[in-house]
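Place chain B on chain A using the hints.
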Amino acid sequence: MADLQQLHDAILAGNMNAAIAVTKEAVEAGAQPGDLVNGYMIKAMEDIGAKFEAGQAYVPNLLMAARAMKGALDVLKPMMQGSGVTSMGKIVIATVKGDLHDIGKNLVASMLEGCGFEVINLGVDQSDQKIVDAVNQHHPDILALSALLTTTMGNMKVVIDALTAAGLRDSVKIMVGGAPISEAFAKEIGADGYSANANEAVALAKSLV
Amino acid sequence: MDFRRMNMSDIKLDMSEIFRSMGYPDPSSPAQDMEAVVMSLVERFAAVCHPRFRYIESSVEGLSPKGIIMKGLSGADKYLLFIATAGMEFQQEIDKIAQEGDIVKVYAADLIGSEIAEATVRECVKAIEADYAPLGVSNPYSPGYCGWVLSEQREIFSRFGADTCGVKLNDSCLMYPIKSVSGIVSVGAAVEKREYGCAICGRKDCYKNRLKTIKK
Numbered sequence: 000m001a002d003l004q005q006l007h008d009a010i011l012a013g014n015m016n017a018a019i020a021v022t023k024e025a026v027e028a029g030a031q032p033g034d035l036v037n038g039y040m041i042k043a044m045e046d047i048g049a050k051f052e053a054g055q056a057y058v059p060n061l062l063m064a065a066r067a068m069k070g071a072l073d074v075l076k077p078m079m080q081g082s083g084v085t086s087m088g089k090i091v092i093a094t095v096k097g098d099l100h101d102i103g104k105n106l107v108a109s110m111l112e113g114c115g116f117e118v119i120n121l122g123v124d125q126s127d128q129k130i131v132d133a134v135n136q137h138h139p140d141i142l143a144l145s146a147l148l149t150t151t152m153g154n155m156k157v158v159i160d161a162l163t164a165a166g167l168r169d170s171v172k173i174m175v176g177g178a179p180i181s182e183a184f185a186k187e188i189g190a191d192g193y194s195a196n197a198n199e200a201v202a203l204a205k206s207l208v
Numbered sequence: 000m001d002f003r004r005m006n007m008s009d010i011k012l013d014m015s016e017i018f019r020s021m022g023y024p025d026p027s028s029p030a031q032d033m034e035a036v037v038m039s040l041v042e043r044f045a046a047v048c049h050p051r052f053r054y055i056e057s058s059v060e061g062l063s064p065k066g067i068i069m070k071g072l073s074g075a076d077k078y079l080l081f082i083a084t085a086g087m088e089f090q091q092e093i094d095k096i097a098q099e100g101d102i103v104k105v106y107a108a109d110l111i112g113s114e115i116a117e118a119t120v121r122e123c124v125k126a127i128e129a130d131y132a133p134l135g136v137s138n139p140y141s142p143g144y145c146g147w148v149l150s151e152q153r154e155i156f157s158r159f160g161a162d163t164c165g166v167k168l169n170d171s172c173l174m175y176p177i178k179s180v181s182g183i184v185s186v187g188a189a190v191e192k193r194e195y196g197c198a199i200c201g202r203k204d205c206y207k208n209r210l211k212t213i214k215k
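If you're matching them up, the sequences are chains A and B in order. According to numbering that gives the first Met the number 0, the first sequence is numbered sequentially starting from 0. According to numbering that gives the first Met the number 0, the second sequence is numbered sequentially starting from 0.
Simulated from the structure, these hints should not be mistaken for lab results. Here the structure is a predicted model, which means the values were calculated and not measured. Positions of the beta carbon are idealized from the N, C-alpha and C atoms, including for glycine. Any given hint might turn out to be false.
Stated by the list, open to error - Beta-carbon label-pair distances, calculated as ranges:
hint: 1; chain 1: A; residue 1: G38; chain 2: B; residue 2: S63; range: 54 to 64 Å
hint: 2; chain 1: B; residue 1: A132; chain 2: A; residue 2: L167; range: 38 to 48 Å
hint: 3; chain 1: B; residue 1: E154; chain 2: A; residue 2: K23; range: 29 to 39 Å
Claimed, not checked - Straight-line C-alpha distance at most 27 Å; calculated BS3-like pairs for lysine-lysine:
hint: 4; chain 1: A; residue 1: K69; chain 2: B; residue 2: K104
hint: 5; chain 1: B; residue 1: K65; chain 2: A; residue 2: K156
hint: 6; chain 1: B; residue 1: K125; chain 2: A; residue 2: K69
hint: 7; chain 1: B; residue 1: K125; chain 2: A; residue 2: K42
hint: 8; chain 1: B; residue 1: K192; chain 2: B; residue 2: K77
hint: 9; chain 1: A; residue 1: K186; chain 2: A; residue 2: K205
hint: 10; chain 1: B; residue 1: K104; chain 2: A; residue 2: K50
hint: 11; chain 1: B; residue 1: K70; chain 2: B; residue 2: K125
hint: 12; chain 1: B; residue 1: K65; chain 2: B; residue 2: K192
hint: 13; chain 1: A; residue 1: K89; chain 2: B; residue 2: K104
hint: 14; chain 1: A; residue 1: K129; chain 2: B; residue 2: K11
hint: 15; chain 1: B; residue 1: K192; chain 2: B; residue 2: K104
hint: 16; chain 1: A; residue 1: K42; chain 2: A; residue 2: K129
hint: 17; chain 1: A; residue 1: K23; chain 2: B; residue 2: K104
hint: 18; chain 1: A; residue 1: K156; chain 2: A; residue 2: K69
hint: 19; chain 1: A; residue 1: K129; chain 2: B; residue 2: K95
hint: 20; chain 1: B; residue 1: K65; chain 2: B; residue 2: K77
hint: 21; chain 1: A; residue 1: K76; chain 2: B; residue 2: K95
hint: 22; chain 1: B; residue 1: K65; chain 2: B; residue 2: K11
hint: 23; chain 1: A; residue 1: K42; chain 2: A; residue 2: K89
hint: 24; chain 1: B; residue 1: K167; chain 2: A; residue 2: K76
Claimed, not checked - Chain A regions said to be covered by chain B (calculated; three or more residues, Cβ under 8 Å):
hint: 25; region: 35-47
hint: 26; region: 92-100
If we strip away everything but chain A, and leave its shape as in the complex, we get (with noise of 0.2 Å):
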């Protein structure tokens, strides 16, 4: 059996290709998924959250380590089915109508991810009728919105207030984030949490489902 702290200290440092030898060969070991996943994996997530929390890591580690995640979660997507490995919660992402931004949004993404959500990632300059559909269609426990510019931000209102009148706001409860987004704004729009970065937004994210 392979040391398995050295597939938490693989994602940890952002060695994608050592965390899928690590998980590989745990695997053929006989390991289980779930406490690859659980016992090590998010905790190399976490860890490098904390770091970049402490300014002791940046936003290229958490893309590291959250690529080397994805990698050592595709090697075990095939045995996951069935194995009693959950989501954490499913979530709906999208930049709001007007803005193309979406490096902070996918770095998000791909955080939420890592730490065992299933994210669904709309993409850009998303209007409000097409995010209404979205929820409506994938009925996601969070939906997650973003935007750059102060002249967009304003759009977030506005898919808050159509998700109201078509019914869905209580079925859903909705984060927002951005660099010109604020704990106030995020309030007088009616969101139910703000996040400064994409650590923040997944410790919101657990704390929302």
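Chain B in isolation, oriented as in the chain A frame:
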């Protein structure tokens, strides 16, 4: 003027800006693995990309940039509108990178694209300075920033006629290729490069001001 098509060797990328955007406190010494990713992508883009820009003389009639921008444009004898873009070749290449599915590369490519667009704007301003010397040229200002509403992109683009460097607007007034910039500069004997937008804009909810706060 007709649009100017350049090679990547004609523009000067500010590599430290790319690494600063990644959050490295000392952008001159990023992590080696990330630096390798960025340098490899820059080479990849250099092989295919042709940034372009075009500017035209116009007026501010029908446009409503906010006070901060008008202050930056003050002293104008003329106003010039411009479009600058990393180009469709860049868009096609970054689309390929996205298809490859490596989130680290996609992230780095996006930041490189932003810097290519900014470097293209710098070349555009240099060309204006050369064409209008010895008049002063202001800093460039764009819709979507400093409170200038994005919908005025439509008016700006209408003044360029068919020749928009291949840049198109979608229904939300966003540009495609994505890494494109449109905006305005002023030219005149009394025009000077004032302290730039972020330095004079106190808007706390703008991401550029937030980055400034984080850097402190």
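Comparing the hints with the structure gives:
| no. | hint | verdict |
| --- | --- | --- |
| 1 | G38(A) x S63(B): 54 to 64 Å | holds, 58 Å |
| 2 | A132(B) x L167(A): 38 to 48 Å | violated, 60 Å |
| 3 | E154(B) x K23(A): 29 to 39 Å | violated, 58 Å |
| 4 | K69(A) x K104(B) | holds, 15 Å |
| 5 | K65(B) x K156(A) | holds, 24 Å |
| 6 | K125(B) x K69(A) | violated, 45 Å |
| 7 | K125(B) x K42(A) | violated, 51 Å |
| 8 | K192(B) x K77(B) | holds, 15 Å |
| 9 | K186(A) x K205(A) | holds, 19 Å |
| 10 | K104(B) x K50(A) | holds, 22 Å |
| 11 | K70(B) x K125(B) | holds, 21 Å |
| 12 | K65(B) x K192(B) | holds, 17 Å |
| 13 | K89(A) x K104(B) | holds, 26 Å |
| 14 | K129(A) x K11(B) | violated, 40 Å |
| 15 | K192(B) x K104(B) | violated, 36 Å |
| 16 | K42(A) x K129(A) | violated, 35 Å |
| 17 | K23(A) x K104(B) | holds, 24 Å |
| 18 | K156(A) x K69(A) | violated, 33 Å |
| 19 | K129(A) x K95(B) | holds, 25 Å |
| 20 | K65(B) x K77(B) | holds, 18 Å |
| 21 | K76(A) x K95(B) | holds, 25 Å |
| 22 | K65(B) x K11(B) | violated, 30 Å |
| 23 | K42(A) x K89(A) | holds, 20 Å |
| 24 | K167(B) x K76(A) | violated, 41 Å |
| 25 | 35-47 | violated (count 0) |
| 26 | 92-100 | holds (count 4) |
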